[in-house]
Amino acid sequence: MFDRRNIRRIYLNITGKTKDFLLSDKSREFFVFLFFFFIAGGFWLLQTLNNDYEAEFSIPVRLRGVPNNTMITSEPVSELHIKVKDKGTVLLNYMLGKSFYPVSLDFSDYKAVDNHVRIYASQFEKKVLSQLNVSTRLLSMKPDTLEYIYATGMSKLVPVRLSGTVGAGRQYYLSDTIFKPDSVLAYAPEGVLDTITAAYTQPVKQENVSDTLRQQVSLLARRGVKFVPASIEMILPVDIYTENTVEVPLHGVNFPADKVLRAFPSKVQVTFQVGLSRFREITADDFHINVSYEELLRLGSDKYTVKLRNIPDGVKQVRFNPEQVDFLIEQISPSL
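For the sequence shown, counting from 1, position 142 maps to 142 in UniProt numbering; every step adds exactly one.
There's no promise every hint is true.
Derived DSSO-like pairs: lysine-lysine, alpha-carbon spacing no greater than 27 angstroms straight-line [unchecked claim]:
#1 K205 x K127
#2 K126 x K87
#3 K85 x K111
#4 K111 x K156
#5 K111 x K180
#6 K142 x K83
By construction, these hints were calculated from the structure, which means they are not laboratory data. Given the structure is predicted, the values throughout are model-derived calculations rather than measurements.
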């Protein structure tokens with residue numbers, strides 16, 4: 001650890017040398033030089049800013065006064081990019097102090113037979129020039145045409161569909177895909193509206209998901225179409241696989257009235273994987289091992305390979321023990 005007396009000695013030494021330097025002749029000469037240097041730099045900057053320069057700025061665009069029964073299906077661009085020329089001092093004022101007001105477009109001022117409005121530069125140029133100094137020259141505007149599409153009272157309800165891929169982690173699976181809401185209103189001109197069958201999400205890509213996923217997802221934009229709402233909540237429930245075993249009897253089907261199936265053993269163990277949330281729902285009654293009389297006649301053998309006609313939803317990796325059973329077609333004596 002440092003000795004406090006040493007620290008005090010070092011501090012006094014440094015402050016003493018600093019004071020000696022500031023009071024010395026060389027120090028005074030340095031500060032005089034620095035003073036005139038800044039004055040010269042200021043005059044140079046003023047002279048430089050007095051020259052003409054070109055610069056680019058952005059001006060917001062807003063569409064106002066849209067009626068309640070009218071849906072804008074393709075918005076105008078959010079900002080104009082203008083290129084101007086003026087003295088550096090004026091341009092510096094734009095950069096540091098002046099904020100541009102949005103170019104407001106009143107919906108009632110523009111009508112179109114095909115619901116597709118185009119507003120050319122000559123129609124909104126005055127709104128831009130009114131915000132510039134008299135000395136400023138407007139060189140260009142991009143875009144030079146503002147356009148938007150609207151629909152009046154035309155809509156229909158369409159289902160939401162997932163776009164993209166979602167993969168569960170090892171031993172996990174996606175038990176469902178839930179959208180809230182599961183349907184949205186699509187607004188578009190009549191000719192376009194007829195072609196819309198669903199609203200797709202923005203592409204989703206998730207891998208190795210091991211827990212229920214919830215996220216807000218925007219719907220995929222389509223020219224001339226607007227979905228309300230424009231985003232939905234996507235819920236992807238994730239479940240973990242577990243294994244279960246049940247005993248299922250073999251049933252003979254399509255047997256003549258005087259014949260019956262005898263299988264050895266009469267039941268087989270069915271082992272399968274199912275989601276933990278459905279573990280208690282899947283029972284032996286959900287599996288049916290039906291053995292057809294015609295199929296046994298075609299075998300030419302007394303061994304039958306066990307198989308399921310249908311697998312319950314949510315069940316995978318099914319296997320049997322034993323995989324083959326011995327069988328006998330027994331003749332039944334008619335009762336007196």
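**Prompt:** Any hints this thing doesn't respect? Which numbers, in order?
**Reply:** 1, 3 and 5
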